[in-house]
Amino acid sequence: MGNTHGGGGGGRDRGADRQTETETKQSAVMSSHSPPASKGNDSKRFKRDGRSTEGSSRVIHIYRLPSGVTEREVLSLALPFGKVSNLLFLKEKNQAFMEMNTEEAANTMVSYYTCVTPELHGQPVHIQLSCYKELKVRRSRSKEGLPAESSDQAGNVGSASAAAAVDTGRVVARRTPVLRILVENCFCLVTLEVLHRLFSRFGTVLKIITYIKNNRFQVLLQYADPLSAQRAKLFLDGQNIYDACCTLRITFSGFTNLTVKYNNDKSRDYTRPDLPSGNSQALLAQNRATALGAPVAISASSCAMAVAAAAAAGAESQVITSGSPALANAVLLVANLNPEKVTPQSLFILFGAYGNVQRVKILYKKKENALVQMANGSQAELALRHLNGHKLHGKSLCIVLSKHQSVKLPREGKEDQDLTKDYVNSPLHRFRKPGSKNFQNIFPPTATLHLSNLPTSVLEEDLKKLFSSGGGSVKAFKFFPKDHKMALIRMGSVEEAIQALVELHGYALGQSNHLRVSFSRITI
1 MGNTHGGGGG GRDRGADRQT ETETKQSAVM SSHSPPASKG NDSKRFKRDG
51 RSTEGSSRVI HIYRLPSGVT EREVLSLALP FGKVSNLLFL KEKNQAFMEM
101 NTEEAANTMV SYYTCVTPEL HGQPVHIQLS CYKELKVRRS RSKEGLPAES
151 SDQAGNVGSA SAAAAVDTGR VVARRTPVLR ILVENCFCLV TLEVLHRLFS
201 RFGTVLKIIT YIKNNRFQVL LQYADPLSAQ RAKLFLDGQN IYDACCTLRI
251 TFSGFTNLTV KYNNDKSRDY TRPDLPSGNS QALLAQNRAT ALGAPVAISA
301 SSCAMAVAAA AAAGAESQVI TSGSPALANA VLLVANLNPE KVTPQSLFIL
351 FGAYGNVQRV KILYKKKENA LVQMANGSQA ELALRHLNGH KLHGKSLCIV
401 LSKHQSVKLP REGKEDQDLT KDYVNSPLHR FRKPGSKNFQ NIFPPTATLH
451 LSNLPTSVLE EDLKKLFSSG GGSVKAFKFF PKDHKMALIR MGSVEEAIQA
501 LVELHGYALG QSNHLRVSFS RITI
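The numbering of the sequence shown is full-length UniProt numbering, which starts it at 1 and goes up by one.
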């Protein structure tokens, strides 16, 4: 296992970790989302409530923080996993306590960072679940320089006020999912892939349009919802994509929807992979009278340096962590799996809808995590884009590019041998033939599934019974009018459709007919 998967934050004795946490003062400055305020009468004192050493907790202990780290950087560690309801930043002790909105989010975050060591300012940061159930704060009556009140002198201790809470899911005042992004000091090439990868950390990116106006590189980017746009603006505004260049200036756009006519290197509609790659630039659909001006093509000469191999880290880029893998990496780390139900085969089938899966490895000591190696980096990006956040076996998948370049097979006789599978020569690959039509039929998970390779003798009722046998419900079914070898079937939910695809793709309907199941862009 050690040869395949890099070490996490668990190299230190956990008993010592707990001692470090326990020895932290119970009275410390409680910071809000804004930069740390000076000490004084308005400072807040912290009380850890509901101490327990058993079971789950919403509170995460982050320690060995490098000097100079900011609250925004600490908060950025939690962005892919959910909302942060409270943050205690102990800057002088190089520690922080972070309370997530749910125990599931806290467990997922700790599980992920156990496998992938987070870094801030180029230094590893250590993360573990706290033995405290929640964070509570009270206002201190002590003046600056005087000792804090002891816990037995405290009055009523209430939950943190709204001002003290850090909630990355606050309501957006302007209900628009579209951001206008100005890239300053653009000395490196900023591609659609770079933008999509960066902004996808905050939500589902639907459309991107890039253009030059007044000799400045600008972007219009549409999320699936306004909250994602708010989070991205909150944490990326003012940050650099690369070291010391490509600074992001982000505002909310006046548009609520973008219309993209072509999928090329200047614009992309990720909900419409069937769009042509014409040379004309994208058209903007406005919901108001004003316009931003006609976008024009981006010339490679507008950048003075070659594109960086990977997103840079440290103080200049507070959200992209150090050691981020190159865009060409074909290995994905999949976290928050259901350890009781997930198998290498189920991951092979699901991720195989977006490319040819080469190998799958479920981690022996952390079975809620797995490595999936695709045929190339493009297929890995495609699978990440479409599957991240969707549910498999009742658990929402958390997918990121792994730092590993390949998945190694275990030596024969090892305990984890059954958890690692090689699928290079599998007959179930969908994209074996170059130029196959399957490349034109790759869609995000939907409740409607496309069935093919059906025997002519199969009946509608037989297929309905088969697809409902796993516990899902069939809402609609329709054979193709001119070809009964294909059909559409709509399940009760997207989650049910994902489960049906995993269980029934490749199912034998006869001696020579193995069922082919894929997601459909057509609904019935």
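Heads up, a few of these hints could be off.
Calculated cross-link-like contacts (lysine to aspartate or glutamate; reagent style DMTMM-like; alpha-carbon spacing at most 20 Å) [stated by the list, open to error]:
| id | residue 1 | residue 2 |
| --- | --- | --- |
| 1 | K83 | E71 |
| 2 | K91 | E104 |
| 3 | K391 | D237 |
| 4 | K136 | E119 |
| 5 | K485 | E460 |
| 6 | K341 | E104 |
| 7 | K465 | E495 |
| 8 | K93 | E119 |
| 9 | K261 | D237 |
| 10 | K233 | E104 |
Quick list of simulated restraints, FRET-style, between CB atoms [said to hold, decoys possible]:
| id | residue 1 | residue 2 | range |
| --- | --- | --- | --- |
| 11 | N376 | P427 | 17 to 23 Å |
| 12 | K408 | G68 | 47 to 53 Å |
| 13 | F477 | T102 | 35 to 41 Å |
| 14 | N215 | P427 | 42 to 48 Å |
| 15 | F477 | N185 | 52 to 58 Å |
| 16 | E184 | F477 | 49 to 55 Å |
| 17 | H484 | P273 | 23 to 29 Å |
It should be emphasised that the hints constitute simulated quantities derived from the structure, not laboratory data.
For each residue, glycine too, the CB sits at the ideal point set by N, CA and C.
Now the hints, each set against the structure:
no.: 1; hint: K83 / E71; verdict: 15 Å, holds
no.: 2; hint: K91 / E104; verdict: 27 Å, violated
no.: 3; hint: K391 / D237; verdict: 31 Å, violated
no.: 4; hint: K136 / E119; verdict: 28 Å, violated
no.: 5; hint: K485 / E460; verdict: 12 Å, holds
no.: 6; hint: K341 / E104; verdict: 17 Å, holds
no.: 7; hint: K465 / E495; verdict: 18 Å, holds
no.: 8; hint: K93 / E119; verdict: 17 Å, holds
no.: 9; hint: K261 / D237; verdict: 28 Å, violated
no.: 10; hint: K233 / E104; verdict: 25 Å, violated
no.: 11; hint: N376 / P427: 17 to 23 Å; verdict: 20 Å, holds
no.: 12; hint: K408 / G68: 47 to 53 Å; verdict: 37 Å, violated
no.: 13; hint: F477 / T102: 35 to 41 Å; verdict: 37 Å, holds
no.: 14; hint: N215 / P427: 42 to 48 Å; verdict: 54 Å, violated
no.: 15; hint: F477 / N185: 52 to 58 Å; verdict: 56 Å, holds
no.: 16; hint: E184 / F477: 49 to 55 Å; verdict: 54 Å, holds
no.: 17; hint: H484 / P273: 23 to 29 Å; verdict: 27 Å, holds
Checked against the numbered hints given earlier, the structure breaks hints 2, 3, 4, 9, 10, 12, 14 and satisfies all the rest.
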